[in-house]
Amino acid sequence: MPNLFPLESEFTENEAVEGSADDNVMFGRSWRFDYEAGEFIMTPTGKLAVADEQEAWIQWCMKVIRTPRYRYLVYSRDYGHELEDLIGSGVSRAVYESEIQRMIAEALMTDSRTERVDGFAFTWSGGTCSFTCKVSSVRDEQVTLQGSVVI
Numbered sequence: 001m002p003n004l005f006p007l008e009s010e011f012t013e014n015e016a017v018e019g020s021a022d023d024n025v026m027f028g029r030s031w032r033f034d035y036e037a038g039e040f041i042m043t044p045t046g047k048l049a050v051a052d053e054q055e056a057w058i059q060w061c062m063k064v065i066r067t068p069r070y071r072y073l074v075y076s077r078d079y080g081h082e083l084e085d086l087i088g089s090g091v092s093r094a095v096y097e098s099e100i101q102r103m104i105a106e107a108l109m110t111d112s113r114t115e116r117v118d119g120f121a122f123t124w125s126g127g128t129c130s131f132t133c134k135v136s137s138v139r140d141e142q143v144t145l146q147g148s149v150v151i
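Going letter by letter, the sequence shown gives residues 1 to 151 in the numbering used here.
Just so you know, these hints were derived from the structure itself, not from any lab. The beta-carbon is built from N, C-alpha and C at its ideal position, and this holds for glycine as well. Accuracy of the hints is not assured; some may be wrong.
What follows is a list of derived Cβ distance ranges for each label pair [what the hints assert, rightly or not]: (1) 44 with 124: 26 to 32 Å; (2) 139 with 50: 25 to 31 Å; (3) 122 with 63: 17 to 23 Å; (4) 28 with 102: 23 to 29 Å; (5) 89 with 63: 23 to 29 Å.
Full structure from sequences and hints, please.
This is how it looks when you write it as C-alpha cells:
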C-alpha cells in the first residue's frame with residue numbers, strides 16, 4: 001500500500017508555477033445596455049450591440065449594484081445587494097457607510113473576475129447616501145462605479 005505521507009516531494013520550492021490566476025477566469029461577452037435610458041443599445045442595422053470582455057464585466061458590476069438580492073427568482077442567491085435592509089435601521093452615518101461598503105464589496109466579489117473593491121467615497125443629501133467605489137478585475141482593469149441608497 002502506498003504511503004499517504006511520502007518522505008520526498010515531487011515538487012521543489014523553487015519550481016515556477018505556470019499560468020496566473022486570471023488565465024482560468026473566463027470573461028465572456030454580453031450585450032451593451034444603456035442604464036440611463038433603461039434599454040439595450042442597438043447598432044445602426046437594428047441588431048443588439050455586443051460588449052467586449054472588459055465591458056461585459058463592467059456591465060455585470062453595474063447591474064449587481066442596481067439589483068436587490070433575493071427579489072428576482074431568475075438570479076442565484078449570490079446575485080445582487082442587500083442595501084434595502086439598511087432602510088429605517090436608525091444607526092449612525094458611519095455605520096451606514098461601513099455596511100454599504102461591506103454589502104457592495106460582498107456583492108461584487110462573488111464574481112471570479114473581480115479581484116478588489118475599494119476606494120469608497122460617500123456623499124449624503126438628506127436621507128440619501130450616494131457612494132462611489134473602485135473595482136479592479138483580475139486583469140488589472142479598473143472601473144469607478146456609483147450608486148445610492150435611500151436610508
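Violations among the numbered hints, reported as their numbers in ascending order | 1 and 2
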